[in-house]
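Position in the sequence shown (from 1) plus 1280 gives the number in the numbering used here.
Since the hints were derived computationally from the structure, they do not count as laboratory data. Hints are all accurate, no fakes.
Below 25 Å or equal to it, Euclidean Cα-Cα: the simulated SDA-like pairs (lysine to any residue) are:
no.: 1; residue 1: K1310; residue 2: A1291
no.: 2; residue 1: K1352; residue 2: T1396
no.: 3; residue 1: K1376; residue 2: F1387
Restraint ranges, calculated between C-beta atoms of paired labels, are given here:
no.: 4; residue 1: D1348; residue 2: K1308; range: 18 to 26 Å
no.: 5; residue 1: D1359; residue 2: I1290; range: 25 to 33 Å
no.: 6; residue 1: Q1363; residue 2: S1319; range: 16 to 24 Å
no.: 7; residue 1: A1394; residue 2: A1305; range: 17 to 25 Å
no.: 8; residue 1: I1410; residue 2: D1380; range: 29 to 37 Å
no.: 9; residue 1: E1409; residue 2: K1310; range: 15 to 23 Å
no.: 10; residue 1: N1378; residue 2: N1408; range: 34 to 42 Å
no.: 11; residue 1: S1361; residue 2: T1396; range: 18 to 26 Å
no.: 12; residue 1: K1310; residue 2: S1384; range: 18 to 26 Å
no.: 13; residue 1: V1332; residue 2: L1365; range: 18 to 26 Å
For glycine and all other residues, C-beta sits at the position ideal for the given N, C-alpha and C.
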Amino acid sequence: MEKKYLAKIIANDQEGLQMISACSAGAKVKVLDIKYLSSNKVFLLSIERTKVETGQDNKKINSICRFDFVDKVKSKNIDQSNQELVLELIGIDYLKNNTDYEISLIFSNNAHIALTTETIEVRLEDQNEIKD
1281 MEKKYLAKII
1291 ANDQEGLQMI
1301 SACSAGAKVK
1311 VLDIKYLSSN
1321 KVFLLSIERT
1331 KVETGQDNKK
1341 INSICRFDFV
1351 DKVKSKNIDQ
1361 SNQELVLELI
1371 GIDYLKNNTD
1381 YEISLIFSNN
1391 AHIALTTETI
1401 EVRLEDQNEI
1411 KD
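Sequences are here, hints too, so could you generate the full structure?
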């Protein structure tokens, strides 16, 4: 078990969020692996991504992208009844509205998820490497 490839990035500002966005661009996400735990205000995304930050473009890993302090979630153009549908994450962006933030997860085919949060608290944590 090689643990050294497994990254953990924690973002609480624009710069950190841009880094997580860059690391997860092109990641594949199944609808089934998108979860919002409203009682804990946690939004989870289980993604399959390429290890871009170490320049190992041939390495694929499973990672969890976790957003904390999420008050509400809105999705657009995502068929939630199709649990096996695979979305491709293009990037993560945010806007500040008065006292809170709206974090946008942008997917291919004009699909997106907007998270309303009181603060930016996002972590990208690698779980395991995908062996071919």
